[in-house]
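Single-letter residue listing:
2 protein chains.
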Amino acid sequence: MPELRKDPIVDRWVIIAEDRGKRPGDFPSPTRKLQVGFCPFCPGNESKTPPEVLALRASGAPRNGSGWSLRVVPNKYPALKIEGEMNRTGLGMFDRMNGIGAHEVIIEGPQHELALEELPEKNIQDCLWAYQQRIIDLKGDSRFRHIVIFKNHGEAAGATLEHTHSQLIALPITPKRVSDEIIGARRHYELKERCIFCDIIDQERSDGQRVVMENSDFIALCPYASRFPFETWILPRYHQSHFEKDSVNQMAAMAPILKDVLLKIRIALNHPPYNFILHNSPVNGHHDAYYHWHIEITPKVTKMAGFEEGTGFYINPTSPEEAAEVLRSIPIQP
Amino acid sequence: MPELRKDPIVDRWVIIAEDRGKRPGDFPSPTRKLQVGFCPFCPGNESKTPPEVLALRASGAPRNGSGWSLRVVPNKYPALKIEGEMNRTGLGMFDRMNGIGAHEVIIEGPQHELALEELPEKNIQDCLWAYQQRIIDLKGDSRFRHIVIFKNHGEAAGATLEHTHSQLIALPITPKRVSDEIIGARRHYELKERCIFCDIIDQERSDGQRVVMENSDFIALCPYASRFPFETWILPRYHQSHFEKDSVNQMAAMAPILKDVLLKIRIALNHPPYNFILHNSPVNGHHDAYYHWHIEITPKVTKMAGFEEGTGFYINPTSPEEAAEVLRSIPIQP
Chain H
94 MPELRKDPIV DRWVIIAEDR GKRPGDFPSP TRKLQVGFCP FCPGNESKTP
144 PEVLALRASG APRNGSGWSL RVVPNKYPAL KIEGEMNRTG LGMFDRMNGI
194 GAHEVIIEGP QHELALEELP EKNIQDCLWA YQQRIIDLKG DSRFRHIVIF
244 KNHGEAAGAT LEHTHSQLIA LPITPKRVSD EIIGARRHYE LKERCIFCDI
294 IDQERSDGQR VVMENSDFIA LCPYASRFPF ETWILPRYHQ SHFEKDSVNQ
344 MAAMAPILKD VLLKIRIALN HPPYNFILHN SPVNGHHDAY YHWHIEITPK
394 VTKMAGFEEG TGFYINPTSP EEAAEVLRSI PIQP
Chain R
94 MPELRKDPIV DRWVIIAEDR GKRPGDFPSP TRKLQVGFCP FCPGNESKTP
144 PEVLALRASG APRNGSGWSL RVVPNKYPAL KIEGEMNRTG LGMFDRMNGI
194 GAHEVIIEGP QHELALEELP EKNIQDCLWA YQQRIIDLKG DSRFRHIVIF
244 KNHGEAAGAT LEHTHSQLIA LPITPKRVSD EIIGARRHYE LKERCIFCDI
294 IDQERSDGQR VVMENSDFIA LCPYASRFPF ETWILPRYHQ SHFEKDSVNQ
344 MAAMAPILKD VLLKIRIALN HPPYNFILHN SPVNGHHDAY YHWHIEITPK
394 VTKMAGFEEG TGFYINPTSP EEAAEVLRSI PIQP
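First to last, the sequence lines map onto chains H and R.
Quick note, in the numbering used here, the first sequence goes up one by one and the last residue is 427.
Quick note, in the numbering used here, the second sequence goes up one by one and the last residue is 427.
These are computed hints drawn from the structure, not numbers from a lab.
In this text the structure is predicted, and so the values were computed from the model without any measurement.
The reader is advised that the hints may include incorrect statements.
Stated by the list, open to error - Chain H stretches covered by chain R per the calculated footprint, using a threshold of three residues with CB under 8 angstroms from any CB of chain R:
1) 179-191
2) 269-275
3) 285-294
4) 313-321
5) 387-396
6) 405-414
We put the CB at the ideal spot given by N, CA and C, even for glycine.
Whenever a hint applies, use it, and build me the whole structure from the sequences.
What follows is the structure, encoded as structure tokens:
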């Protein structure tokens, strides 16, 4: 059973997932390549994944067979286990609990060689819909405090399989960086009775320098204090704390902007590895007035050195104004 | 002039260092190798670095010539500039200031091919002494709030030059992760009137599972909530908030434990890239009662994926108990 442990100094939780079996000598070389050859996410290989929890396929077609356009399956090597008791315990001054949680994989499309941004808009919209459905389902489990959805694209961004996919992790705790965001947003709200994200959107739209693109419902911008070159956030222009509460129409407006931003980054940086993370309101809690969901996209073009990791203080060699200008100038063929 | 910018949501400062000149296309390939060939840190090439601010060489030998055993020089491509006004300004809701600071390189020894842990104990002690001297000198500059000393060993850990060296950055702000530590340590002190690090050392010594080694003055342990496989901290067993206040005798006790821990990690993980960071008390502030300096060593054997980066929540496949057991069992030849 994996274990959750809390650092007593900074209240940061970590998963100790020894089941994943890394003894010295088991670690892959830092220059390890993506797994190639057999792909468990390709059509025809459905039996190589755990049974699907959600899928889109022609009506009447059998579950766990081929013919799907999207599948969600439990991770075969989960960092957390869905069954069991939380068993919160203290060990002297330390805190631990069992590594209870959900770890799922969203296989975004059937074609092995296509990246998310190369899929038709409709498939990207389906993918956003699948994220929503899985969040709604897992929110019903009272053990969970937070659900993270993220994507690792390319091996330098942490992907171990090439076939396009994103991941979901449901956690019995709220991660530190999420709490930090909530605390900051609440402080702003207490001072001003306004959402800090809405304020940022207003200021960025009137300034314009850091805006990459926008449509009726969404805006993409390079944030003022970008940690990484070409870091780009996509936010709803309307106030909404919970991603899963957005309508089908809103997701239909989100899909093209996500596609276009990822394509612009792909062209600007010559197919870089990247991560994105859905920053969403924690499951329990009353953050509706001041939290505002968004997606943070971070291309991996610089190495994180010890300085950044150890201090939480980043050196970014590209200003967000320059990154936004480059991204704006890249035309996207419809 | 580089710029310091603050994220308005989570109060995290970043350096936007555009002078470093990274436009799209300038980014090195993620598989880029260390710079090889000419080495500006080797003896005979002293004129290729900015003039030294500290060095150890035979008495009477000329400055900036060869014959040294250790040199400290300003970074030729600094992330921050030492000259200028802070010029704190607001831009609407955003905060910025000029990128004032010091960025220095500690060249730990003259031999190009030796890693820090391969140097004689005396040279490692000299290196710790040099860290202390530079901190004491830079503390005199009232613009600085915090001084970070860190080492990137190996390209995957962010090193760009092979020749063994560490770096110092003096900052006009306190980095977020440092503030988080201070806040956590202060909270513990307010509750118990004890230092949380001293409490951790007591508990770890009586438990023993996570202790790697100790001597009269120092202890090396794998922390209970380790973020990374084989993460190891070295702490003074006595309470001390400020690294630079430690005596020559204390540094003489620190040098062999730093050397041995790095050698054990080197053997256990087959010459891994690693980072270490000196966590020291901020320059101004009254944290003497509850802060406790230490060094955090993090071998880089797993890739940080989007999940970790975006949530501050880590998945570690090796328990600290197992890591400590492996490290304890590795004999070090005297």
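Checked hints:
no., hint, verdict
1, 179-191, "holds (count 4)"
2, 269-275, "holds (count 5)"
3, 285-294, "holds (count 4)"
4, 313-321, "holds (count 5)"
5, 387-396, "holds (count 6)"
6, 405-414, "holds (count 9)"
The structure shown violates none of the earlier numbered hints.
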